[in-house]
Amino acid sequence: MKVGFFIGCNTSFNRPDLEQAVRHAFPALGIELDDLEGQSCCPTWGTLPSVDVVGWCAVSARNHTIAEQKGLDIVTVCGSCYGSLSEAKYKMEVDPELKAKVNEVLQTIGREYKGTSNVRLTYYYLYHEIGPEKIRASLKYTLGGLKVALQPGCHTLWPSKVYYDKEEDPFHPRVLKEMVEALGATVGHYTRLIDCCGMGAMRSTDMEKSLNLFRRKILSIKEEVDPDLIITGCSSCLIQFDTAQEMLRREKKINFEIPVLHFMQALAICLGADPEKVAGLARTNVKSVIGKILPS
Amino acid sequence: MSQVQGGIGIINLSAGDPSLVNEIKELGGEELLECIQCAKCAAACPMVLAGFPFFNKRVIQAILLGLRDALLDDSSIWACQSCNRCTEVCPREVNPFEIIQAMRRVAIREFALPTLAIEGLKSLYDTGHAVYLAGAGNTRAKVGLPEKPPSTLSYPEALKEVRTILENTELAELGVIPMGESGVTDSCEV
Amino acid sequence: MKRIGVFVCWCGTNIGGVVDVPQVAKAASSFPGVVLATDYKYMCSEPGQELIVQAIREHRLTRVVVAACTPRLHENTFRKTLERAGLNPYLLEIANIREQCAWAHQKQPGRATEKAISLVRRAVAKASRLEPLFASTIPVTRKALVIGGGIAGMQAALDIADAGHQVILVEREPTIGGKMAMLDKTFPTLDCSACICTPKMVAVAQHPSITLYTYAEVEKVEGYVGNFEVTIRQKARSVDHTKCTGCGTCWEKCPTRVPSEFEQGLGTRKAIYVSFPQAVPNKPVIDRRHCRYFAAGKCRVCEKVCPTGAIDYQQGDQLIKEKVGAIVMATGYDLFEWEKVYGEYGYGRYPNVITSLQFERLINASGPTGGKILRPSDGKEPQSVVFVKCVGSRDPAKGKEYCSRICCMYTAKHAHQVLEKLPGARVYVFYMDVRTAGKAYEEFYLRTLQDGAHYIRGRVSKIYPEGDRLIVRGVDTLLGRQVEVGADLVVLATAVVPSRGAAELARLVGISCDQNDFYTEAHPKLRPVEANTAGIFLAGACQGPKDIPDTVAQASAAAAKVCALFSREEMAAEPTVAQVNQFLCYGCLECQKVCPYRAIEPVTVSENAAGKKIERTVASVNSGLCQGCGACTVACKPGAINLKGFSNEQVLAEVDALCL
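Chains as they are written, first to last, in the working numbering: chain W, 1 to 296; chain L, 1001 to 1190; chain F, 2001 to 2660.
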């Protein structure tokens, strides 16, 4: 099994440990990763998608063609990349005129977009192609005894019509829960599970409002679950959860810290990866929780 | 006459710009006129929760009334998270997020865009990445990765492709960012 | 001794959820004369009724009390049950323990049970004094009167006439057609109103079974269901329509111009006129108030030019008497007089603030502008048109509390028409809600949004002039901001009110109105096209605001009711009518004064007194007219009048049972 790895800017430069986690976990589960050499920004929402549809889809389509030429599907670990790549593909699918315009642009670099590669998110890909049971069987360590709260992430769910992998009900997602349970953790439910974390354009535009939104969410998690660990399904959420807690603590708006990992990081650790490589850039104190996962 | 009369905050609808509706439709908000202001999108929107004055439903109403100035004077459209809850719940398939995006496209055509957006575009042109951290090489090395990802950063011909695309789409005509110069610049975090 | 059976109904949980029904039955079994008291889940159901029939037979019951819902709902049902068991149907008494007990006292079940027992005690006391009553029959004149020649009246008249009955149609205007003839297009199909209305007008005029009186009014209605006697005043037209050919020379030459009612004041007509070119009948009348000859004694131009000598200045009003068996009220609506109260919209002083009906004329190809939308002040084409909904509707402070029902749709239509006829014009609709309950209505409204109409949710607080424009101030509650818009033309969707004189006509005919003077139906759900006076039926907007489809449906329904009444030569009359004991009556006729149905007349009786034959006046009840309301029995000082089924003795026994 082989799949193209679309890394994404934030993962490449902000959290390369997450990149390492994917690079460890996939092969450990028997999936070869292809580097999709020459990939660029997806492009993300605040850039070309906010300028014009053709430009957005053209840059997106170029990324697609790299995978298409190799006959591979695309897997990404970043929620924004997942959303932008999927939506561009969807748009070109329902609007052949747009697809034609995009291909006109691509002609200038000698490429043609066909729409043959699917865009997948890491943990959905593993859920469908490997399955929770097989993953459970491959683990070296487990999250047994850990109480975990989840953060699936907006871009992993909506708009469901553009995604290859769909939840039965995107407002009651269950794939991430099943996957985390496969790692052996107990998953606690909280009422603001599908609330937005406040990362992204809102944070760049109005930090205070973004942090307020995040605070509602983290307080709900603390009060209702009080978990040992938060596991996110989206790399942007990972960054918000990892950094915003510290900001709120500095403003004395919360007085606790909950360690945060992306699902792929937790999985990689359970599959025996070196925590320093796959989770070494975390700002929250993940060491103690990793200590509970690994045998002493 | 301006759309918002100073101080007293009465919106002058007569000064509304009727061309805005078509502009939005042409820039991707095709389903704009399907909106009946039912507000289901607003009920799902994180911006409403966070307390922004202009959110999906109101942006749509303001567009329908042609209130270009009011929309451009407010940064709210740039705070949209692109989370697409609105698109998911809209009963009339208006795709409210697409309309916010279309409004951003209008704003960009009037150079009413936040600095960060300009920097993102510039970084995209310069490096192939909208988010780029100049010091990331060290970080990557720290976790055992090559300093550059296998992206446009490692493949100059790939970056050239991205630039060619950007030079052949509307971004080039708009003149929002300088093009043609080369060289990786400083960090950019959109 | 009477043998009374008491049947207490649970009505599912309606009664049973509050009142302790078995306890009520148990208590009833000890009341005087009660030989059986029992309960059942749904007494009105087939097994419930069967239970009563069996009990009557088994226990040889002679009187029946049913404790259940209001008698308005099931009294007739249970009367038939008694009849099936061989009892006279009037030996039934209902105790209403649902509406007047269980529903009213849901929070006090204990006391509700006590009250239910009292109500049953009352019913038992009355039941033991009930006497058999027998319905009589009255003859039916199979000819109908329809009052009002709009779409409702025309439809009802045509349906009744097509069923083979004679119809008299009375219209007070010089032409039939009503409001529909004034409209341009009809929602939601946008077919031309005249194209579907004028053929109906012609059909009415040509129908061999319809006698048409235009420019005529109903002056007097006597009699009762099946046997009305109607006096119609044919107003003087000053034109002999048997001679007139409708050639039009007279109104061409007439020197006097007055504002046209048909054009809603936006155009003019002559003093001798037909309302509009397709009028039926297409022959003129002279408006004597404005005619120079009638006002100043000089002119007579029309007489001079008339080629057939049809002008008749001496013509007087004529009174025509007709006997009919049924009456259909189809008097339609008018628009609320907003000019009197809406100072914030200019009290009617701004010529460019018009009503929706005026807009219909503006946009109508046969209207004063030939279908061009031009603002009245200077004839310029408006670039910005503002529609204001709910002017007088949903506004109890200045107008009416109710929703006028048709405005949302016609305003959507008007908005669509402006955007279609004036490309580039801006259209704003200020509204509180958009109500589009009707087949294909919501879709029509959505199409108007697609056309580009700006819908602004909020009421307009003020309209004021600025230069040659109007500024409309409102709020956009969707934006949360006050807004202003400059308008060349403002169209007010004014409330629908009953047509002028509706209340007076109701008194004259003998039916009742609601607080807004719309005619009251006998039951809001189950008898929606019948007035509460037998033999009188309601069609169209006289009963409440209605659009054309609903009006036509109701007109056909009223016609079907009339035809049902006409299906027999005789009809059964309710036996629960007032009866005068002429020995006790001393002829004060107080009863006549209070009778709302004009059912009491004085009669002279001869009797022997001390060997001498004397004559004296006493009251007499026309049982055909009497509706059994009982007002006379209260007014009667010597207690000479009894309402059968509600005699003084029976009622007093009920009071005693409740209070002693």
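No lab work stands behind these hints, which were simulated from the structure alone. Just so you know, not all the hints are guaranteed correct.
The calculated label-pair distances, taken between Cβ atoms and stated as ranges, are [unchecked claim]:
(1) K252/W - D1073/L: 57 to 67 Å
(2) S2461/F - K252/W: 22 to 32 Å
(3) A1039/L - K252/W: 49 to 59 Å
(4) L2190/F - G1180/L: 49 to 59 Å
(5) G1180/L - K114/W: 22 to 32 Å
Straight-line distance between alpha carbons at most 30 Å, and here's what the computed DSBU-like set of lysine-lysine pairs gives [claimed, not checked]:
(6) K70/W - K91/W
(7) K1025/L - K114/W
(8) K161/W - K1040/L
Note that CB positions come from ideal geometry on N, CA and C, so glycine has one too.
Against the structure, the hints:
1. K252/W - D1073/L: 57 to 67 Å: 34 Å, violated
2. S2461/F - K252/W: 22 to 32 Å: 47 Å, violated
3. A1039/L - K252/W: 49 to 59 Å: 36 Å, violated
4. L2190/F - G1180/L: 49 to 59 Å: Given about 57 Å between the Cβ atoms, the range holds.
5. G1180/L - K114/W: 22 to 32 Å: Since the Cβ atoms of G1180/L and K114/W sit about 31 Å apart, the hinted range of 22 to 32 Å holds.
6. K70/W - K91/W: 23 Å, holds
7. K1025/L - K114/W: With a Cα-Cα distance of about 26 Å, the restraint between K1025/L and K114/W holds, given a limit of 30 Å.
8. K161/W - K1040/L: Measuring from Cα to Cα gives roughly 18 Å; hence the hint holds.
In the structure shown, a violation is registered for the earlier hints numbered 1, 2, 3, in ascending order.
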